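Got two chains here, separate frames each, mind docking them using the hints?
Going down the list, the sequences are from chains A and B.
Sequential numbering of the first sequence, starting at 1, is according to this note's numbering.
Sequential numbering of the second sequence, starting at 1001, is according to this note's numbering.
Treat the hints as calculated values from the structure; they're not laboratory data.
Among the clues, some could well be false.
As the list claims (entries may be wrong) - Where chain A lies over chain B, by a calculated footprint (3+ residues, C-beta under 8 Å):
id	region
1	1053-1059
2	1147-1156
3	1180-1190
Because the structure is a prediction, the values reported are computed rather than measured.
Yeah, the Cβ is synthetic: ideal placement off N, Cα and C, and Gly gets one too.
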Amino acid sequence: MRGTNSEEARAIADEIEARAAMWLRRRYWDWNADCQTEFDVWLDESWAHRVAFWRLEAAWERTERLAALRPMKPEPSGTTQSNKNRPFLFGIVASAAAVIVLGFGAVWWQLQSNGKTYSTLVGGHKTITLADGSSVELNTDTVLRVAISPTQRAATLERGEAYFQIKHDATHPFVVSAAQHRVTDLGTKFLVRADADNLQVTLVEGLARVETSGEWLPRHTAVLVPGDVVVASPESMSLRREPTRKLVGELSWRQGVLVFNRTALADAAAEFNRYNRTKLIIADPVAAGRQRSVSPSAAPATTR
Amino acid sequence: MADTPEIDREGERPHHQGADMTAPDVKAWFVREVLPMEAALMQFLHHNWRKSGDIADLRQDVYVRVCEAAQQKIPDPVKPFVFSIARNLLIDRLRREQVVPIEAVSDLDALGVAIDVPGPDRAVMARDELRRLQIALDRLPSRTREVVTMARIDGLTGREIAARLGISEPAVSQQLDTGMRALANLLYGEPADLRRGA
Chain A
1 MRGTNSEEAR AIADEIEARA AMWLRRRYWD WNADCQTEFD VWLDESWAHR VAFWRLEAAW
61 ERTERLAALR PMKPEPSGTT QSNKNRPFLF GIVASAAAVI VLGFGAVWWQ LQSNGKTYST
121 LVGGHKTITL ADGSSVELNT DTVLRVAISP TQRAATLERG EAYFQIKHDA THPFVVSAAQ
181 HRVTDLGTKF LVRADADNLQ VTLVEGLARV ETSGEWLPRH TAVLVPGDVV VASPESMSLR
241 REPTRKLVGE LSWRQGVLVF NRTALADAAA EFNRYNRTKL IIADPVAAGR QRSVSPSAAP
301 ATTR
Chain B
1001 MADTPEIDRE GERPHHQGAD MTAPDVKAWF VREVLPMEAA LMQFLHHNWR KSGDIADLRQ
1061 DVYVRVCEAA QQKIPDPVKP FVFSIARNLL IDRLRREQVV PIEAVSDLDA LGVAIDVPGP
1121 DRAVMARDEL RRLQIALDRL PSRTREVVTM ARIDGLTGRE IAARLGISEP AVSQQLDTGM
1181 RALANLLYGE PADLRRGA
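Extracted from the complex, chain B is given alone in its bound form (with noise of 0.2 Å):
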């Protein structure tokens, strides 16, 4: 467990580029830093948190306080940052709601948190990567992933996967929107069980 991330620390952390971030910038972070660490986020906030259905809006909650910090700052190294962020935020959400005394929490640093750390054979994460966008389409319920594939794969707009399928084109609509929030779900909430499904 070399690399516990360290959460008290908010003031000492060493941070590079002193000038304000723009959007294009901080997304391309969001999107190259931040969003891979989701799988272990998810797993933090499901050890943390009692009620399930509350996870995804944490975790939304979590993201838009590290890119509002983020655009002040960028922070690095960047676990850690996460970590402390969603540790807060389940702090102050328990303080809210007076459900749980906060003594609750008091071992959220003691708890691991497996994080993927990709390794350095790119050719072989660029299989991994074809191979679980598969598992990940084939994970989609069977409609779902019926218009998902015809749009994605096949190039099909809605109206010809509507006429295929014999539903109309507001239900092929719905069920891509569905396809592509299950699909980010799968792709970063779930963890990257690849090596060792395989």
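Chain A with its partners taken away, still in its complex shape (with noise of 0.2 Å):
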């Protein structure tokens, strides 16, 4: 290709990209088998294939995001004023969360009269399947209280880890709340992680919204992707990324083992100690601070 001139070259590059264009678009509404042999023979052919599909696709991924703004469509006389308030927030964004925060006195109201609470003691894990169909397991010392009714589903994690399963409704989100913050789903499966002030959440799949909401100013919000780990304290709220297979030693306790890796043993027994009502205490500073990778195969919770 580099031997050719400039005509040629420019044609050339707009052809693949035009198929590139052409895979992406077959990938997100029809594929089968025979789509992926002859797709990843064509992705195999050349770097500028790769190249040119791996960049249309990362933009795509992106626009993913544009999916949170789907239930929440803005209502035209609303808008202007919420931007007022919050000049970081756009339109769209700014007034579904004040529709949250006004559907919120309700759901708590529901919360405190008919919510049904849950819980597990030290070193247990307990599956739960609610009424809409969503499932949460919860993870060892864990309160959660939940109220689902046909006009709104929400759930208080008082303490502990849970692993939502939500069925997605869009015209009723399910909103977890934690440590004075929520989680609005938009179809999901994703972990909940709190103790007294701190949040926090790892989306597994599909998307979910984060509202940090102490007294301080601006509320944060983040919309996750999949593999988005968000932890938020009173203070500040962060997002980073994970590879999938961190995630896998995340969500490793629903299979009844502890994953670690790259993990200092002080850090790694206080994570057990979770699970148990007898603590490892690490007496050796110099041990303490040693970085393991273990993957056990006995669960922790048989020293229940």
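See below:
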């Protein structure tokens, strides 16, 4: 290709990008094993094919966040005001947040009046199926209150850790609140871990939105895509992306094992101690700082 | 300009990871490290190449060379590496086309390239990202935008969109392909001017 003149090179580049777009569109709309085989052959043909496809694919994956706007179409009259109050948020998100804040009073009242409470002891593990078909797995030492009604779906994680697989209903988003923050599902599997003030949300599949809600302003909002981890405390909110293999570690408790990847021994001990009343203490400070990677096959819960 | 790319030190650059990268590794690295530089790269190419029709092809060639090299060794730091490849590519092209004397590129190194350094506040970045996506969407031609919105936000199939818009299915596909290509240009190739624009 490098030996051709510039008009030819231009035409070839354009053709490659057009093919890449065609593959991306077909994969989005209409895909099967035959397509996959044919696509793999095309992709393996040259680096030019690969980079063109990767680039379009990366841009298209970024646009997945736009789907977060789906359930909340802005009301033309209401957006201007919200925009003035929170200059950092653009119209649609600002108006959506307003809807949720208004709705939250009702949710709170409902949780107080007819919420159901589920809990596990230290070392415990429980899966519950909710009235709307969603399921929640509670990890060790967890308290969760849930209120499902035809109009609202809400849960409060009082403490501990829970893995949510939410049955998506665009008209009734599932709202999880924990440590003063809220997670709104947008069709989703996610992990929430909370202690007194801090919230950690790990998105495994789908889309979710996290809003912090302390007294400080401005309110922080983040829309998560799979692999995103949000850690929110009363002072801050940070978003990072994790590779899938790390998510496997964070979800390992669901299989009854703990997986550590380059974790300091002291941190690993702290993690074990979440599951046991008899606490592990690492006496040697040098050993405590050493990093280990372990994937035991025995469930820590067996020492229960 | 603390971050000006150092261009002429190919052999001295530190590299980590001696092992060969697999295609998925190169892909993850390319999407994470190289694509975010596209706006700066496009600016560099536009400044240094007269025929704007060639830019998309040049960009693609830069990416190919970058990925081929990355397969052997992951370059670190990435930015000077990418710009040195871009510079060498332009020089090769000039030599081949013999249109402009080689001296014309002698000031390539002197050119400051505006690099968008991401700020530390991830929450603001996440908001910026949504805003940027919406700006990109708004800038698509209206028919293309309609099709992209129906496909991506409303989750409709090609057939459903064709029925709603009263156009043929191939026409819908054509619009979505156009939209995917335009979105990549808008999201990667254009400078992120949100902070100033907001």
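Coverage of the region 1053-1059 of chain B by chain A (three or more Cβ within 8 Å): holds (count 4)
Assertion that chain A covers the region 1147-1156 of chain B - criterion: three or more residues, beta-carbon distance below 8 Å: holds (count 6)
Assertion that chain A covers the region 1180-1190 of chain B - criterion: three or more residues, beta-carbon distance below 8 Å: holds (count 6)
Of the numbered hints given earlier, the model fails none.
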